[in-house]
Structure formats: C-alpha cells, structure tokens
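Peer 1: Chains as they are written, first to last, in my numbering: chain L, -14 to 282; chain P, 11 to 343; chain S, 6 to 261.
It cannot be assumed that every hint is accurate.
The calculated lysine-lysine pairs, modelled on DSSO-like cross-linking and capped at a C-alpha distance of 27 Å, are [what the hints assert, rightly or not]:
1. Lys277(L) to Lys111(S)
2. Lys44(S) to Lys160(P)
3. Lys188(P) to Lys266(P)
4. Lys12(S) to Lys152(P)
5. Lys253(S) to Lys156(P)
6. Lys254(S) to Lys160(P)
7. Lys266(P) to Lys218(P)
8. Lys283(P) to Lys254(S)
9. Lys172(L) to Lys93(S)
10. Lys251(S) to Lys283(P)
11. Lys251(S) to Lys156(P)
12. Lys209(P) to Lys253(S)
13. Lys41(P) to Lys152(P)
14. Lys12(S) to Lys283(P)
15. Lys283(P) to Lys44(S)
16. Lys44(S) to Lys12(S)
17. Lys15(S) to Lys253(S)
18. Lys152(P) to Lys95(P)
19. Lys326(P) to Lys41(P)
20. Lys156(P) to Lys254(S)
21. Lys277(L) to Lys31(P)
22. Lys44(S) to Lys285(P)
23. Lys104(S) to Lys172(L)
For the record, the hints were derived by calculation from the structure and aren't laboratory data.
Since we're looking at a predicted model, the values are computed, not measured.
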Amino acid sequence: MVKFRFFSSPNNSSPLRQLWRLFQRNHFALVASWVFIFMILMAILGPLLAPYSPYMQQADMLLVPPSWDVNGYIQSPFGTDALGRDILSRILAGISYSFGLAIVAVALALSLGLLIGTLAGFSKGIRASFLNHILDIALTMPSLLIAIVIVAILGPGIANSFWAVVLAMLPQFIHHIRTEVADLLDKDFVIAYRLDGANNWQVFRFALVPNMIENIVIFSTMAISAAVLDIVVLGFIGIGAQSPEPELGTMIADSLGVFYLSPWTVMLPGITLFLCILSTNIVGDGLRHALKERRLQ
Amino acid sequence: MRLLDIRNLNIELVTNDSRIKAVESANFSMKMAEVSGLIGESGSGKSLVAKALVGMLNNRWQVTADRLHFMGQDLNRMSDVKRRKVISDNISMIYQEPRSCLDPTTNIFSQLEESLPDYEFSGWFGVRKELRVKKCIRLLHKVGIKEHQKVFNSYPHMLSEGICQKIMIAMAIAKEPKLLIADEPTTALESSTSLQVIKLLRSLNQLKDMGVIFITHDLFSITSWADSINVMYCGQLIESGLTKNIINSPKHPYTKALFDSEPDFNSQDVNNKQKLYALKGTIPTLQHLPIGCRLGPRCPNAQKACVKMPEQQKVKGQYFRCHYPLTQNWKKA
Amino acid sequence: MSTEFIKVNKLTKCYKDKAHWFKKGKDVTIGPVSFTLNKGETIAIVGEAGSGKSTIARLLAAAEDPDSGTLTHKGIDVDWNDTSFFCKNIRLIFQDAQKSLNPTIKIGQQLEQPLIFNTDLDEEQRQDKIHASLRMVGLLPEHAEYYPHMFSGGQAQRISIARALILDPEVVIIDESLAPLDPSLRAQVINLLIELQQQQQLTYILISHQISLIKYLSDRIIIMDNGQIVEQGSITEVFANPSHNKTKKLLNSLNM
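Could you put the whole structure together from the sequences, leaning on the hints where they help?
Peer 2: So this is what it looks like as structure tokens:
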C-alpha cells in the first residue's frame, strides 16, 4: 500500500484504467482474479494436460488415496474413485464442463441479451412494451427452477442442461441491458451525439457500449457464479450430465456412497468447485467496490 | 450582545494523505437581527462555514475556532447535547434545491407538522391536533401560500421549485429562530420567484427580528437589502464590511472584479456588448493553493510582497486582507 | 449589416402530459410560434418554467420533431428530417457541460466525431480543425488527449462551445448554459462568446431567465408564456414600453 504520496497530481487515465487501478488496490480481489484466470486456463487446457483419460477405468486401482497419503501413488496425484478413474484427470475435465460451459453459457446469453435488450431500449411505443415484457414473466421464477423444467422437457444430458441454463439466464440479461440502454439514452451526451448527426449504430458504438461495459461485466460475474451452480446442481440431482461424464456435480453425487471410506472422492471436486465460485464472487465484488470508489473520486 | 461572534475559524479536511485547509482563519460577526451576505464562488468554503456553524459536518472535517459565540453562549465549551439543543432551537437553515430537500414519499402536511416544536401545544389529544393544523395553516399563509389545503395534500414532485422553497422557509420559521442561514436559496429558481423569496426573507427579518445569513455567488441579489457583506475566496474571508462602504469603495481587487463582472453594475446602457472585466485564470483547487495571497497568480496588482499571506487590516470599519488595497473611491456610475 | 436569413413559421408541438397541479393541464401545446433571425444578432427567448422556451430550442436544434410549422433558410424551406442541415447550421450548447461530454472517450475524439459524421475531411485536416477550435476557445491543443473528468466546470463549458463551433455553424443556441457558472467564469465565457460573434458573424439564440444578462447581451427579445409568444421586439423598445403583464413582471425583477 502506498503510504506516502509525493505528488498528488490528477491522472489522465481513462475511466477503465482508473477502475483497474482501484481494483488492484484490493489484494483479496487481485488474488481472486489470479485464481479466476487460472481456472479459465484449466478449463481450456485441462483436457490436454490430464495424465489419463477421464473415462479410463483401472480395475486394480480402486479407491486409491491421494498422493500425500501414506497409501497413495504419485501416478494418481489426487487418487482414484470407485471405478478406478484418476480423479485429477476427471477434475481437469470437470472444470471445463462445469466452469467452462458456464462461461460459454453466460457469453451466449450476454450476446443475445445485448441484441434484444438494445433493440428494446431504442424502441418506443407498442413495440417497446412487447419486447420489454415478453420475457419478464420468467424473472419471477428462480433460474434453477426454470432450468429443471426445461431439462425435464428436453431430457437429461449435459447439452440440454447447457441450453436450459442459457434460457434461464436470458430474461435477466435482457431486462438489465434494456434498463441500462433506456437510462443512457436520456443522458445529455447521447442527445449531443444525435445532434452531431450520429445514426443509431454510431450512438450505440461510441456512446452506449463504453458506458455500459462496466456494469455488464459486473452483472456477468454474478451470472457466471449462478450458472456454475445451476449446472452443478443439475448434475448433482441427476438430470444434468450423466455419469460417466466428468462433470463436478455428477462426480460428487456418484461418490457420495463411498464418502466414509474415501472422503477425497467427494472433497476434492467440492474444493475445486468452491474455488471456482469463490473467485468469481470475489472478483465481482471487487469490481463493484472499485466502481463505487471511482464514482466518489 | 452580538448574535454571532466567530474568531479564527479553521475547517480542515483530514484525508489519508494530508490535511487540506478548506477554510482558514475566518472572522465573522453579526449583530442581532442583521442581514449579512456571504459572497463567494465555488470552492470558497462559504457553505462549509454555514454547515460548521450548524454542526452538520461529519467526522472527516475538523472545525477549530478561537471563539465561537452564539448570543453570548460559547458553543465550543458546551457538551454535544446542549450545543445541539441551542442550535436546533435558535438556528434554521434552508438549502439550494428545495424540491430534493423535501421527503418525496410523504405529503407536505406531515412534513410541516414534524417541524413544529412540541412544547407549544398543550391540551387534550384531539385539541392538540387541531392546534397543530391551525399553526401549519398560519405558517403557510405567512410565507404567501394561499391554497393551503391543496398544498397539504400534495407531494413535493407535484409542486414547482418556488413553492417548495416557500415551504422550506415555513418549516424553518416554525420554531421562530433567531438566525436563518440561507444557503444559495435562489440559485435554482427563476428571477420572478427568487424575487418573491428574497422579499419574503426581507419581511421576516424586519417583522420578526430574525437575523439572516444569505449565502450566494450572485452579487446582484443581495446588495440592495443586506446590511453587511463578507466576501470569501478560496477559503479566506478577504473582505467584510457594511454594504454601502463595499459598493462605493471596495478595497480588495477581487471584490472589485466581482462587481465589474456583473453586467448590470457598470452602466445603465442597454445592449452594451463590450467585453466585461474578468480576472484571467481559474479558481485554484484546494490541493493546489498558491502560497501567500490566494489571489496572487490572478491579481492584476500582484507584486513581490504578495507571496506572503496578508494580514487582516481594518480601515473605517472595513476588514480586508491585501498588501496593496485599492485606495481610490470607485463610485457606481 | 443584418440580413434576415432564417424564418420560423407557425411552429407547434403538443405534449400529452399527465395532469399535475401547477402544470398546465392535460395537453401542453407550444405554439404556433413565428419569428425571424438576422445574421450576427443575438435574440433572447425569455419565459418562466413551462412556458416552452426550452422546447423551442430543442425544436430548432432538431432534437425533437415539431407537429407542424416550417423553417425557411435563405428563402428555401428546410425538411425537418434533414439532420445534416441542422448539424451543420444550428448547434446547441447544453446547460450542464460536464454531463454533455462522454466520460469514456478523450475529448479530442469527441471533437473529431462531428467531423467524421458530417464532413469529408481527411485525418490531417480533421486534426488541424480540432487544434484550431481548441485554440479558439482558449485551450491548448494538448488538451485533446485528456478525458472529461480532468476538466473544471469552466473548461468543460469551453469544450462544449468548441464542439458547437467546430462545424462552422451559423446559429448557436445557448440553452441556459450561463446560469450555473460562477460570476468570474461567466464573465470569461461571455467575453469569449462576444468575441466569437464579432469574428464569425454568428447568430445566438439565448435562452435564459437572468434579465440582467439578457439586457446586456441581446439585440432582440421574445417573451413567452404558456407556449405562446406574448411580446417580441428589440430590446430598447420592449424595455422602454412593456405592454404585456409578463414583461412587466420580468422587468420588475431587475429593480429590487
């Protein structure tokens, strides 16, 4: 922490850079952002780095403890589960299933929400009411419930649970973005852009996007943690990813039966999941605090 | 007995890095039932002085003064509770944007009723309520609002700013204070409504013997009815004295520049599109105050001695801080 | 030499408003309003809140479309949907300068954007024009690299003026922009506006409620009440012989 400021001259940095600098001052948030980036890297590279295939069963190495235990082997750093599959490989693949898919789901919901929400924010009259409220009914239900209903219609499986999560999150994104766009369109500088001769696309690109982007990022981090939980819970209750797919929730549900014998089969995926969600939440929180502090400056 | 006697008031802002002096050695005094104008631009600290007097500043601000006497009572030496009681019984304040100072979720009658003092009413339960309603009606009539029933039932967002300001004044005079601090009350109003508000304040001052501190940055609204004027710049009271003295012969270059930059004071010609006299440069921020006289870099008369802070001098009842005060009598044309 | 070059004829605009006490009833109609503008003069539009003066400003700047009425420029009728005419010839200066600047973009880019949207200048010509505009309002060309939060209120107002003038318009509408400024800043901005008017023969439409300022700056005055023009004429005539009640009331606030 800088205690002595020798010159407090005003800095000419863009608002985004100021936000980043304020974010960096919060050390918890900074460490959480490293963990978050590490998890994203694992989600992308995990299946390549895994020593074994997540589906390969070894009948002679059932329920082997992790390597730090007396009876563990170094070949299976995290041990094996009841069917002899290496837990480290399964966790690496699982991160990409649970966390990676959640991020992709949020990105997809964000793009669709941006499209529909912006159109809704720009329009006036009957078209506005239609677009604004068509999906608002879905806001009344918790997203997990919507996801369960959609999976119940489409059938179990990781692909269907992915689409269920996307559809469950879409109304919230549309609503949020539409409110942002409608607020911004009333502001003076947007009117100034129109008076300068900008058409709708130029107004969107220059005036709306740079001012919306911070709020969207913060909202997306909250959405990511909700999406991860939705996918994992769907896997846990058995209607999401089905075993032998290495999804974290399914792994935990499968190994619950042997929990007393071999706690590592449940705890290690659980700790991974915990780290994913915690880092996302702390990053979102840190960004929100930094935004509030920047507003006070 | 003077209404207000403040000596060497210092208000500092304590931040993580440094202490910033927002108001430095201000000496301010008022007689009973006097109208005193406090003129200054943004960053001069005039609102801070008012808020410090009423006790509204939070813990980050440190207020110190050699003497802080109100009607003979020393506010510095009192306990917090007693000081709050003295201030709430005798000082009221009205603010700049009246519509946002009223509670938007309740109607005007309940807000007016809250500001009535408790001890005035005695009697049975129902009688007290009637007395309160009567008092509220009387207050509204006193500030010039005739249709009290409609105003009672409305919410602040339905009323115009002028009416809201009159309601604020009604709430302020409910306790018959000895001092009313008006913090830029007419800045957000149009000229005709601000004229009404100023006339109202003037009549309250004359009829009820209520002192008024009128804080503004607009010279024109105050020079016709204030008894004394104090000019602040960058946290310092640079000139104070009786109104007619200051209008006829301002001693500080900044005061003269303020008078010159108002279009109406110079001449009675209409459509005189000549350039106004304006000081070059801008007001320095609190973190980058110049050493010595605060007006130094912008002052047209600045010379070498102006790097030292000028002391307060008194000439013919006028206090000012300048090394090279203006000496000739500058009469209004 | 003043020549009549813009004529506004029977402009109307109707707002369907919810009925509130102290607002003007259910439908607020502005107009029909007609007046003329001459080159190089300042015309002031005065009135109380709700009298329609801000609406007229927004209609003239094409921020909103009128319900009926024509605008004639040098004898030719102008189509209300022709945004490029309005952008190039009639510009608006907003009341709150800081809020009218995009906080996430450097001001050099913000000044460049009207040029990109409306003209065909190439990169170098644009940069020259931006530097010239900044110098004209009293700022340095280096200021083009700054973000809006770095500027004080007065400087933000100057940038607003630079943005209004960068397309070389003929008419500039000043919508209560001088009201929130401190006296010394206001004097500087007024001096700048007077200088620019003399150099470039600009026509100003000044919308304000400060009578002393209007008396000082303008040549003609239009007084509005309830959406209608109640009196118009040159400053000397109107101030010497006010005929309407509103005019008398406004003039009274000068003598306190």
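Peer 1: For every hint, state whether the structure bears it out.
Peer 2: Here's how the hints hold up against the structure:
1. This hinted pair checks out: Lys277(L) and Lys111(S) have alpha carbons roughly 22 Å apart, not beyond 27 Å.
2. Among the hinted pairs, Lys44(S) with Lys160(P) is inconsistent with the structure: their alpha-carbon atoms are about 49 Å apart, more than 27 Å.
3. A C-alpha spacing of about 32 Å is found between Lys188(P) and Lys266(P), which places the hinted pair above 27 Å, so the restraint is violated.
4. Distance hint between Lys12(S) and Lys152(P) is unfulfilled; the C-alpha atoms sit about 48 Å from each other, more than 27 Å.
5. Using a Cα cut-off of 27 Å, the hinted pair Lys253(S) and Lys156(P) holds, with the two alpha carbons roughly 23 Å apart.
6. For the hint pairing Lys254(S) with Lys160(P), the CA-to-CA distance comes to about 26 Å; that is within 27 Å, so the pair holds.
7. As the CA atoms of Lys266(P) and Lys218(P) are separated by approximately 34 Å, the hinted pair breaks the 27 Å bound.
8. Taking the CA atoms of Lys283(P) and Lys254(S), the gap is about 25 Å. The hint holds against a cut of 27 Å.
9. A distance of roughly 22 Å separates the Cα atoms of Lys172(L) and Lys93(S); the hinted pair therefore holds under the 27 Å criterion.
10. This hinted pair checks out: Lys251(S) and Lys283(P) have alpha carbons roughly 25 Å apart, not beyond 27 Å.
11. Annotation: proposed proximity of Lys251(S) to Lys156(P) holds, straight-line Cα distance about 21 Å (limit 27 Å).
12. Taking the CA atoms of Lys209(P) and Lys253(S), the gap is about 18 Å. The hint holds against a cut of 27 Å.
13. Between Lys41(P) and Lys152(P) the alpha-carbon distance is near 25 Å, which keeps this suggested pair within the 27 Å criterion.
14. Taken as a hint, the Lys12(S) and Lys283(P) pair is honoured in the structure, with Cα atoms around 25 Å apart against an allowance of 27 Å.
15. Taking the CA atoms of Lys283(P) and Lys44(S), the gap is near 16 Å; set against the 27 Å cutoff, the hint holds.
16. For the hint linking Lys44(S) to Lys12(S), the alpha-carbon distance of about 12 Å falls within 27 Å, and the restraint holds.
17. This hinted pair checks out: Lys15(S) and Lys253(S) have alpha carbons roughly 26 Å apart, not beyond 27 Å.
18. A hinted pair counts as satisfied when its Cα atoms are at most 27 Å apart, and Lys152(P) with Lys95(P) qualifies at roughly 26 Å.
19. This hinted pair checks out: Lys326(P) and Lys41(P) have alpha carbons roughly 18 Å apart, not beyond 27 Å.
20. Proposed proximity of Lys156(P) and Lys254(S) is supported: the alpha carbons are some 20 Å apart, at most 27 Å.
21. Only pairs whose Cα atoms come within 27 Å are accepted, and Lys277(L) paired with Lys31(P) is accepted, the gap being roughly 26 Å.
22. Using a Cα cut-off of 27 Å, the hinted pair Lys44(S) and Lys285(P) holds, with the two alpha carbons roughly 20 Å apart.
23. Of the supplied pair hints, the one linking Lys104(S) and Lys172(L) holds, its CA atoms being roughly 8 Å apart against a limit of 27 Å.
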